[in-house]
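Chain L is fixed; fit chain F onto it per the hints.
There are 2 protein chains.
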Amino acid sequence: MPQLRKDPIVSRWVIISTERARRPASYIDPTSYNTDPKTCTFCNDKTSTEVLTYERVRVVKSGNPFFTTAQELTLRNQGLHQSCHSHGSHEVVIECPEHIANMADLPVSQIKSVFKTYALRMWHHHNDESIKYVLAYKNYGVAAGSRNIGHARSQIMAIPVLPARVLDKIHGAKLYFDFHERSLFLDLVRQELKDGSRVIIESENFVAFSPFAARFPFEVWVMPKPKRQYYDYVHGIEGLETELAGVMKELLLKYKIGLNDPAYNYVIQSAPFGSAQQEAYCWHIEVLPRLTRTAGFERGTGFYINPIPPEMSAKFLREVKV
Amino acid sequence: MPQLRKDPIVSRWVIISTERARRPASYIDPTSYNTDPKTCTFCNDKTSTEVLTYERVRVVKSGNPFFTTAQELTLRNQGLHQSCHSHGSHEVVIECPEHIANMADLPVSQIKSVFKTYALRMWHHHNDESIKYVLAYKNYGVAAGSRNIGHARSQIMAIPVLPARVLDKIHGAKLYFDFHERSLFLDLVRQELKDGSRVIIESENFVAFSPFAARFPFEVWVMPKPKRQYYDYVHGIEGLETELAGVMKELLLKYKIGLNDPAYNYVIQSAPFGSAQQEAYCWHIEVLPRLTRTAGFERGTGFYINPIPPEMSAKFLREVKV
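Residue numbers (this note's numbering), protein chains in the order written: chain L, 1 to 322; chain F, 1001 to 1322.
Bear in mind the hints are in silico, worked out from the structure with no lab data behind them. Check the hints yourself; a few may be wrong.
[Stated by the list, open to error] From the derived model, a few chain L residues whose C-beta atoms are all more than 10 Å from chain F: (1) N44; (2) E50; (3) T69; (4) I100; (5) K116; (6) H124; (7) S130; (8) D168; (9) G239; (10) T242; (11) K249; (12) I305; (13) R318; (14) V322.
[Said to hold, decoys possible] In silico contact screen, one side only, chain L against chain F (beta carbon under 8 Å); selected entries: (15) N77; (16) G79; (17) L80; (18) H81; (19) A143; (20) R147; (21) Q155; (22) R165; (23) Q191; (24) D261; (25) V267; (26) P272; (27) E286; (28) R299; (29) F303.
Small disclaimer: the values here were computed from a predicted structure and weren't measured. Where a beta carbon is used, it is the ideal one built from N, C-alpha and C, also for glycine.
So here's chain L without its partners, still in its complex pose:
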């Protein structure tokens, strides 16, 4: 069973997963996609444990999970070191029955079902008190940490600890709110819309922009204009669901056409359910193409080096016709 371990210096949790151990010689990345549905794991999946079917989207338990249900949730101390079981759930969202690799090539209605599915799984897991956070995310392409299966899918992780990345953001929003009595996220959206130089797509209720301090070339955040803490607020509102799916499809098509089908990740950054001090927070999606590699400088400082200013990234993406 995988373990969570806590770094005693910076209090960062790490998942130690014995099950995924490979021999060193096997760390060679594949470079092409499987284009043959006959040999596709997800086209021919008869054995996975299905946890949900929503319209044409299937959610199954990962066959190689990083998180599984544990009876024993207590921390184990070994001197300085703390560990606990990697309790939770690791699910795979198979985004369509067809053998299509990139979400950009799905119809808007199908993308809408995928994003709705994330919300359904979040609602489900938040009934479990031992789950502190549910992360929905996608790895597309080998450079983004995916395998070469060639079938559009994303992942849902229900985890027993709050993610540092989200906590840092909530903390920042709180500091800002305490000082200004305004929402940092709302002010940010207003400023980006007024400035315009980093905006890529604007719809009635959403904006897709490259953040001022973007870490990566062509990094984009998709954010609702009215501030909402939780990712699920769009769901059940037919127009909003379709609008979000439309913005995502347009953005992903711009990547595919403009950047030659790059690897990318996206991560949904919702507030954790039921935790305090997050009224100032607004959910958003970070979309992160994987065109550069981080090096020693990033590792040593925690800073990033981005070789393309976000204004240039935004202009480039605005001009890609889809």
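Frame of chain L, contents of chain F only:
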């Protein structure tokens, strides 16, 4: 001129470097090294500005720097956004005159000169009050963010802000000290030596071990046994300098032989000169092979997934004969 920009949410600085902008189509990684000294940039370098020669090691200014001397150091505010010039210095350490790619293949005496050179440049930059931190690090191999030049080199960045990664560590050490009145680092070294399962190399004054919550397969920290804040304490002490170089060579040879010449980074994590609250800190070197890719989960949570337990990594490396 490159810019530093501050993320308004998590207060993380990012370097925005227009000079390094490339067209999207040029983001294709080379996969092999240049083995021909005749076409090597560093074998035939006549034009770089040399800042130091120490024995057979040359330090030159980077031809494409992320940090350069700026007249204007004030922050610029644009609404929520803060930016300033990327003031500082970016230097390249050419580790040997010969066309040798991997530090593992240098003699111990030469490695000793390289590590001494880092200390000399740290001392130099700390005379400048506008410099808050000096990071010495190495990128080896394309997957570690290097180019395929095939000539051993490392980098020195003198930067005007304190790195979050080091601050987080100092903060952790301080919390521990306040509670226990003991050094976290000293306790950590003691515990690792007593346990032994994660230790790879032990010399009289140094230990190389894989940390309990290692983020990456075969991640190793090299740490002095007696706690010292600053990286430079070994320097000027002939025996210690040679001992450190010997430990590094042995470790890098274990990587080369055992892991099939993998890409790796190392970063020297010294305390910042002259800042308070760091008595509990101990300098160390993080050595990070690049065998896996981070994916959406790491991006979304700030956590890492490590597919090999550090005990297994350590056992594997211990058993590699060099």
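How the hints compare with the structure:
| no. | hint | result |
| --- | --- | --- |
| 1 | N44 | holds, 24 Å |
| 2 | E50 | holds, 22 Å |
| 3 | T69 | holds, 19 Å |
| 4 | I100 | holds, 19 Å |
| 5 | K116 | holds, 19 Å |
| 6 | H124 | holds, 19 Å |
| 7 | S130 | holds, 17 Å |
| 8 | D168 | violated, 4 Å |
| 9 | G239 | holds, 27 Å |
| 10 | T242 | holds, 24 Å |
| 11 | K249 | holds, 18 Å |
| 12 | I305 | violated, 5 Å |
| 13 | R318 | holds, 14 Å |
| 14 | V322 | holds, 16 Å |
| 15 | N77 | violated, 12 Å |
| 16 | G79 | holds, 5 Å |
| 17 | L80 | holds, 6 Å |
| 18 | H81 | holds, 5 Å |
| 19 | A143 | holds, 7 Å |
| 20 | R147 | violated, 11 Å |
| 21 | Q155 | holds, 7 Å |
| 22 | R165 | holds, 4 Å |
| 23 | Q191 | holds, 5 Å |
| 24 | D261 | violated, 11 Å |
| 25 | V267 | holds, 3 Å |
| 26 | P272 | violated, 11 Å |
| 27 | E286 | holds, 7 Å |
| 28 | R299 | holds, 5 Å |
| 29 | F303 | holds, 5 Å |
Going through the hint list in order, the structure does not satisfy hints 8, 12, 15, 20, 24 and 26.
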